[in-house]
Amino acid sequence: MGKMYEVSNRYNNYRDYTKEYTEVGRSIRRPDGPDKVKGKVRYTDDLTLPRMVYGKLLRSKHAHANIVKIDYSKAMELEGVLGVITGEDCPIPYGIVPHNANEHALAVGKVRNWGEPVAAVAAVTEEIAEKALELIEVEYDVLEAIVDPREAVKRDDIRIHEDSPYNISYEGVQVYGDPDKALEEADYVLEQDYYSSYVNHGFIEPQSAIADYDVATGKLHLYATCQVPHYTHQQLAKVLEMPLNKIRITVPLIGGGFGGKGVASQADFCSALLSRKVGRPVKITYERSEVFATNNGRHPCYMKMKLGFDKTGKITACDFTNLMDGGAYAGWGIVVLFYTASMVHIPYVIPNVRFDGKRVYTNKPTCGAFRGLGGVQPRFAMEQMLDQAAAHFGMDPYEIRMLNAAESGYTAKSKMYVPHTEYKKCLTECVERSGYKEKHGKLPFGKGIGLSGGYYISGTSYTLYLSYKPHTVATIKVDEENDVTVYCGATDIGQGVDMVMAQMAAETLGIKTEDVTVVPRDTKISTFDLGTFASRLTFATGWAIRQAAEKVNAELKPVAAGMLGIRGEEVEVQGGEFYNIYKPHKRVPWRDVVSQYIQTNGPLSMTGQFTPPRRKGIQQGGNIGHSPTFGFSAQIAEVDVDLETGKVNVVKITEAGDCGVAINPQSVEGQVHGSIGMGMGQALYEEMKVAPDGRFLNPSLHDYKLPTALDMPEIDANIVDAYDPSAPYGAKESGEGPIQPTIPAIFNAVYDAIGVRFTEMPLTPEKVLNAIKEQKARGVF
1 MGKMYEVSNR
11 YNNYRDYTKE
21 YTEVGRSIRR
31 PDGPDKVKGK
41 VRYTDDLTLP
51 RMVYGKLLRS
61 KHAHANIVKI
71 DYSKAMELEG
81 VLGVITGEDC
91 PIPYGIVPHN
101 ANEHALAVGK
111 VRNWGEPVAA
121 VAAVTEEIAE
131 KALELIEVEY
141 DVLEAIVDPR
151 EAVKRDDIRI
161 HEDSPYNISY
171 EGVQVYGDPD
181 KALEEADYVL
191 EQDYYSSYVN
201 HGFIEPQSAI
211 ADYDVATGKL
221 HLYATCQVPH
231 YTHQQLAKVL
241 EMPLNKIRIT
251 VPLIGGGFGG
261 KGVASQADFC
271 SALLSRKVGR
281 PVKITYERSE
291 VFATNNGRHP
301 CYMKMKLGFD
311 KTGKITACDF
321 TNLMDGGAYA
331 GWGIVVLFYT
341 ASMVHIPYVI
351 PNVRFDGKRV
361 YTNKPTCGAF
371 RGLGGVQPRF
381 AMEQMLDQAA
391 AHFGMDPYEI
401 RMLNAAESGY
411 TAKSKMYVPH
421 TEYKKCLTEC
431 VERSGYKEKH
441 GKLPFGKGIG
451 LSGGYYISGT
461 SYTLYLSYKP
471 HTVATIKVDE
481 ENDVTVYCGA
491 TDIGQGVDMV
501 MAQMAAETLG
511 IKTEDVTVVP
521 RDTKISTFDL
531 GTFASRLTFA
541 TGWAIRQAAE
551 KVNAELKPVA
561 AGMLGIRGEE
571 VEVQGGEFYN
581 IYKPHKRVPW
591 RDVVSQYIQT
601 NGPLSMTGQF
611 TPPRRKGIQQ
621 GGNIGHSPTF
631 GFSAQIAEVD
641 VDLETGKVNV
651 VKITEAGDCG
661 VAINPQSVEG
671 QVHGSIGMGM
681 GQALYEEMKV
691 APDGRFLNPS
701 LHDYKLPTAL
711 DMPEIDANIV
721 DAYDPSAPYG
731 AKESGEGPIQ
741 PTIPAIFNAV
751 YDAIGVRFTE
761 MPLTPEKVLN
771 AIKEQKARGV
781 F
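Heads up: the sequence shown begins at 1 in UniProt numbering, then just goes up one per residue.
Keep in mind that the hints were calculated from the coordinates and are not lab data. Mixed in with the good hints, there may be bad ones.
Unchecked claim - Cut-off 20 Å, straight-line C-alpha distance, at most; resulting in silico cross-link-like pairs (EDC-like, lysine to aspartate or glutamate):
1) K442 with D396
2) K74 with E137
3) K304 with E760
4) K306 with E185
5) K689 with E191
6) K439 with E151
7) K512 with E137
8) K477 with E577
9) K524 with D214
10) K447 with E774
11) K557 with E432
12) K652 with E480
13) K776 with E644
14) K304 with E191
15) K304 with E151
Build the full structure now, drawing on both the sequences and the hints.
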């Protein structure tokens with residue numbers, strides 16, 4: 001287990017297709033690493049501004065109720081209280097999807113989930129703010145709460161949102177080919193129900209915001225834990241009815257996001273509204289229970305999947321029904337719904353597909369974006385069914401996946417196009433490294449091994465939220481001191497994108513990564529970027545940075561040519577030097593060329609931008625099909641089931657991933673470890689528990705179980721040789737694809753261990769122990 005904490009050097013000599021690269025493909029340690037380990041990094045809650053005061057939110061103790069009256073007069077009489085706001089102060093709704101923006105900074109007229117904020121207080125200390133909350137009197141007309149989407153979709157007598165009959169948030173049907181005919185003609189049809197659980201991101205840093213409104217200038221400066229600063233910028237302007245140029249957002253280092261900080265938080269809005277009201281900076285930092293009340297986590301899904309196969313084991317059809325629990329508000333809902341629809345089309349060839357999905361409102365905290373958005377749920381179902389089908393045909397689970405796997409250049413019936421894939425290589429690498437064929441079906445009772453695969457997108461052609469700007473813009477500046485600075489609005493949420501951007505810039509400029517500085521996110525300084533979601537950063541920012549760097553080179557090469565006495569087309573740059581491509585010994589230092597340029601022209605600044613091309617498709621409401629390319633992953637889990645307690649111990653995970661060219665292989669390995677940890681948590685431990693009246697039963701990290709370092713297995717992470725010609729430097733996503741196979745690999749391994757197939761998450765010791773007892777009663781062991 002100590003291996004988790006070792007600095008891996010296994011990829012230091014990683015090359016495959018990076019032979020011509022000097023910076024791309026290097027495992028460079030992140031510059032923020034030492035300070036994070038030492039606790040020296042300053043996150044949003046660590047910041048203090050002059051005259052700063054503190055905000056707290058009053059949260060509803062009811063899951064569904066009309067607000068009759070709010071009286072905060074007693075709170076205002078408390079010494080040290082500076083101001084109180086309610087829903088009347090923020091009537092304008094917001095939301096990530098423009099056509100269904102139905103969220104408010106504070107509840108307006110009605111609360112729809114336990115913990116929804118109804119008022120906010122600003123006071124000179126946190127303690128006084130907490131006391132003030134106790135003095136606010138709220139009169140509610142309590143309504144019946146519905147926490148099960150299967151009930152909610154049948155109840156038109158209780159509408160969580162008045163404009164949503166039968167509590168349907170979104171619904172969609174997609175049909176490709178003729179699935180009915182294909183299923184009727186199939187040689188083998190397999191049908192199964194599945195349930196994926198209600199889980200939270202569990203990031204270490206809770207949401208936090210500091211708003212500083214300048215009364216004299218009418219300008220607002222917000223410091224926030226935010227994956228999408230330019231979206232938050234836009235929504236703040238809308239809700240506060242302020243011009244964009246009067247609002248500035250700065251994003252300090254973020255302690256994890258995983259999608260949960262991919263929306264503007266109520267802390268952002270309320271701190272800003274309070275600061276404007278009291279004329280002083282206001283900080284709001286959530287308690288852990290508030291993180292759960294805000295949620296935006298994984299959608300629970302009640303799924304039914306039917307697969308048809310021909311006599312050789314090839315998939316002929318998929319019929320997928322998905323009832324999603326969306327919680328109280330719209331959020332990312334439509335995106336997640338159609339992602340689950342589209343994620344069944346790859347990595348296997350399926351000629352006939354039907355999807356019938358509904359996202360339903362319930363009186364629970366809103367579900368939203370979560371690492372591997374939309375892919376985890378259908379993979380959980382399909383990857384188990386492939387194992388079942390393999391058993392029916394007398395095939396190895398590896399064989400049936402290889403038989404059905406899509407190849408490079410594949411176009412699905414939905415028009416999803418795969419420019420390049422090494423998925424088969426991923427499967428083979430896992431099988432060979434783990435000794436899968438020698439172990440599967442041959443281990444002692446209680447020990448098992450399971451295979452699974454998956455894929456994920458590398459960005460999307462759609463903006464998700466309304467924006468007519470390029471998806472990402474990057475500017476590279478070279479100043480009089482020869483310092484190179486990259487400005488880009490892409491947010492580093494702990495995944496290391498700043499290092500990746502520096503490496504990509506350095507690669508094209510022909511200098512060392514250590515000589516490049518990436519400026520932290522600030523909407524007044526950084527260039528525009530849609531935000532950190534959909535595994536888009538390496539692909540989208542990579543192209544923008546490469547374009548900007550090539551423009552810098554185009555300016556510098558003529559100067560270098562003059563200094564070398566040759567033509568511009570004969571000049572190349574690498575290793576910090578410009579050189580004659582025909583006489584490589586003739587060189588001039590990069591810094592000398594820059595100095596010569598600046599003497600004549602001044603500081604050099606060039607900008608690149610990128611918007612993915614839109615491919616024509618028939619997505620019928622979904623946007624995943626327009627992803628430029630996809631990353632692929634396969635995993636094998638080895639488990640040891642405790643026959644006395646039912647506890648599943650994951651002993652080892654073998655992973656092989658196709659992320660194209662790994663810009664920073666060590667960072668890729670870190671992403672794999674993180675994905676596996678999160679997948680393990682969802683598979684075995686995690687579930688937000690809600691009472692019938694909507695109360696949360698485990699809103700703390702003491703009661704909501706996350707895997708710890710002691711639970712982590714040995715991980716053998718591998719990057720397969722790959723180069724995606726559609727991607728910048730051949731690189732694509734690596735942060736969300738690896739979570740896709742983890743859960744079904746563990747479930748398949750448990751089946752191999754005890755011979756029982758489980759279809760609901762999480763796989764708790766109680767469930768497993770009951771299954772073991774049944775197996776023992778049958779005389780299986």
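Would you check the hint for K524 and D214, treating anything up to 20 Å between C-alpha atoms as holding?
Holds. K524 to D214 sits at ~16 Å (cutoff 20 Å).
Hey, K304 versus E760, does the alpha-carbon distance stay inside 20 Å?
Holds, at about 12 Å.
Decide if the proposed pair is consistent with the structure: K557 and E432, CA atoms, cutoff 20 Å inclusive.
Violated - the C-alpha atoms of E432 and K557 are around 48 Å apart, more than 20 Å.
Tell me if the straight-line CA distance from K439 to E151 falls inside 20 Å.
violated (44 Å)
Straight-line alpha-carbon gap K74 to E137, limit 20 Å:
At roughly 9 Å apart (the allowed maximum being 20 Å), E137 and K74 satisfy the hint.
Run the distance test for K652 versus E480: straight-line Cα separation, threshold 20 Å.
This hinted pair is violated, its Cα atoms lying about 52 Å apart.
K304 and E191: Cα distance at most 20 Å?
holds (7 Å)
Would the hint linking K447 and E774 be met if the CA-CA limit is 20 Å?
holds (17 Å)
Given the hint that K304 pairs with E151, test it: the Cα-Cα distance must not exceed 20 Å.
Roughly 17 Å separates the two Cα atoms, so the pair holds.
Holds or violated: K477 and E577, Cα atoms, limit 20 Å.
holds (18 Å)
Are the Cα positions of K306 and E185 separated by 20 Å at most?
Holds, at roughly 14 Å.
Decide if the proposed pair is consistent with the structure: K689 and E191, CA atoms, cutoff 20 Å inclusive.
Roughly 28 Å between the alpha carbons, so the hint for K689 and E191 is violated.
Checked against the numbered hints above, the structure violates hints 5, 6, 7, 11, 12; every other hint is satisfied.
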